[in-house]
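Start from the sequences and build out the full structure, keeping to the hints where you can.
Just so you know, the protein sequences line up as chains A and B, in that order.
Numbering-wise (our numbering), the first sequence opens with residue 1 and increments by one.
Numbering-wise (our numbering), the second sequence opens with residue 1 and increments by one.
In case anyone wonders, no lab produced these hints; they're calculated from the structure.
Hints should not be assumed to be uniformly reliable.
One copy or any two copies: either way a pair holds, since identical chains are not told apart in the list.
Claimed, not checked - Straight-line alpha carbon distances no greater than 20 Å define the calculated EDC-like cross-link-like pairs of lysine to aspartate or glutamate that follow:
{"id": "1", "residue 1": "Lys116", "residue 2": "Glu60"}
{"id": "2", "residue 1": "Lys116", "residue 2": "Glu52"}
{"id": "3", "residue 1": "Lys74", "residue 2": "Glu52"}
{"id": "4", "residue 1": "Lys116", "residue 2": "Asp63"}
{"id": "5", "residue 1": "Lys74", "residue 2": "Asp112"}
{"id": "6", "residue 1": "Lys13", "residue 2": "Glu25"}
{"id": "7", "residue 1": "Lys13", "residue 2": "Glu33"}
{"id": "8", "residue 1": "Lys58", "residue 2": "Glu25"}
{"id": "9", "residue 1": "Lys74", "residue 2": "Glu97"}
{"id": "10", "residue 1": "Lys58", "residue 2": "Asp112"}
{"id": "11", "residue 1": "Lys58", "residue 2": "Asp69"}
{"id": "12", "residue 1": "Lys40", "residue 2": "Asp69"}
Each chain is listed here by its residues.
There are 2 protein chains.
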Amino acid sequence: MQRNTIQRSLTLKAVQTLRCHPTAEQVYNAIKETCPSISKGTVYRNLNQLAESGHIQKIELTDGAAHFDHRCHKHYHVTCLACGRVFDADVALPDLERFIQNSHGFQFLGYDLMFKGICPACSASSQHSDTTENPTP
Amino acid sequence: MQRNTIQRSLTLKAVQTLRCHPTAEQVYNAIKETCPSISKGTVYRNLNQLAESGHIQKIELTDGAAHFDHRCHKHYHVTCLACGRVFDADVALPDLERFIQNSHGFQFLGYDLMFKGICPACSASSQHSDTTENPTP
DNA sequence: CTGTGTGCAAAAGATTTGCATTATG
DNA sequence: CATAATGCAAATCTTTTGCACACAG
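What follows is the structure, given as structure tokens:
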């Protein structure tokens, strides 16, 4: 059975209050400020478990680290090719799953969609940015 | 200037003849059979360079290793959540880029789309498969 | 010849895991 | 008090990189 630990609720709260689609590393650093004894392994375990249970959403990009999102309703993301940050893409899209129903004997369960581009901040500076802030695109 | 080396053409040929969206590891193993002296670093360098020059396509939206595809026309993929293999998803989709033009000051350059599900082989066996074959879904 | 590409091994980065210990229910 | 979760460190997995040498143009 699943237990409520301080570490788990801190992990969830960190993803919810950091509004920037943080990586595990960023979540870890945020929690360390109030709970310096937390370990990175615990953060990873809790992030995965929270994603599994549907409390948060895991955004995987193979290229670099995974990001985590506290918004669980259906929406899409866009990543900046310059700074690597992930933003919400506020667009209405057709339901792609209906395009692939019943084809090839494959049991379809969903899809990942990630738009790519250059965020306003990077466009303005025309150079790579390593900041961890989250300006609105 | 770019040079034609045996290793580079072997890398391209391996992606083209392995019809299974191989990972770098699989490409490396395939080449080693005819060219045992090739190194993994060279395979990675060549795969990235071939993807950069548009000869092959790098597929990154999976957890785990990147896959490479010799088909360069616009099409989509589906990955099996059980065995991790990547297949072509033969579907016609609306052009998603038109949904996101000019929003938020973000300069959109494209998108990655990956369907997820369970392939016929894994559905049949109801268990994890580690094979590197590529049965038609 | 010039400098790009290779092979090797080490390094880097993200994530997982084994294990003894802690603390939740 | 049973056992899920933690902290720590080591291990794993994928990919990149530094460097001396080889070879394509």
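Here is what the structure says about each hint:
1. Lys116 with Glu60: For lysine 116 and glutamate 60, the Cα distance is within 20 Å both inside one copy (13 Å) and across copies (12 Å).
2. Lys116 with Glu52: between (26 Å within a copy, 16 Å between copies)
3. Lys74 with Glu52: For lysine 74 and glutamate 52, only the intra-copy Cα distance (16 Å) is at most 20 Å; the inter-copy one is 32 Å.
4. Lys116 with Asp63: For lysine 116 and aspartate 63, both the intra-copy (11 Å) and inter-copy (18 Å) Cα distances are at most 20 Å.
5. Lys74 with Asp112: both (11 Å within a copy, 17 Å between copies)
6. Lys13 with Glu25: within (15 Å within a copy, 39 Å between copies)
7. Lys13 with Glu33: within (13 Å within a copy, 52 Å between copies)
8. Lys58 with Glu25: Within. Shortest intra-copy distance 14 Å satisfies the 20 Å Cα cut-off; inter-copy 26 Å does not.
9. Lys74 with Glu97: For lysine 74 and glutamate 97, both the intra-copy (13 Å) and inter-copy (18 Å) Cα distances are at most 20 Å.
10. Lys58 with Asp112: Close inside one copy (10 Å) and across copies (16 Å); limit 20 Å.
11. Lys58 with Asp69: within (6 Å within a copy, 25 Å between copies)
12. Lys40 with Asp69: within (18 Å within a copy, 35 Å between copies)
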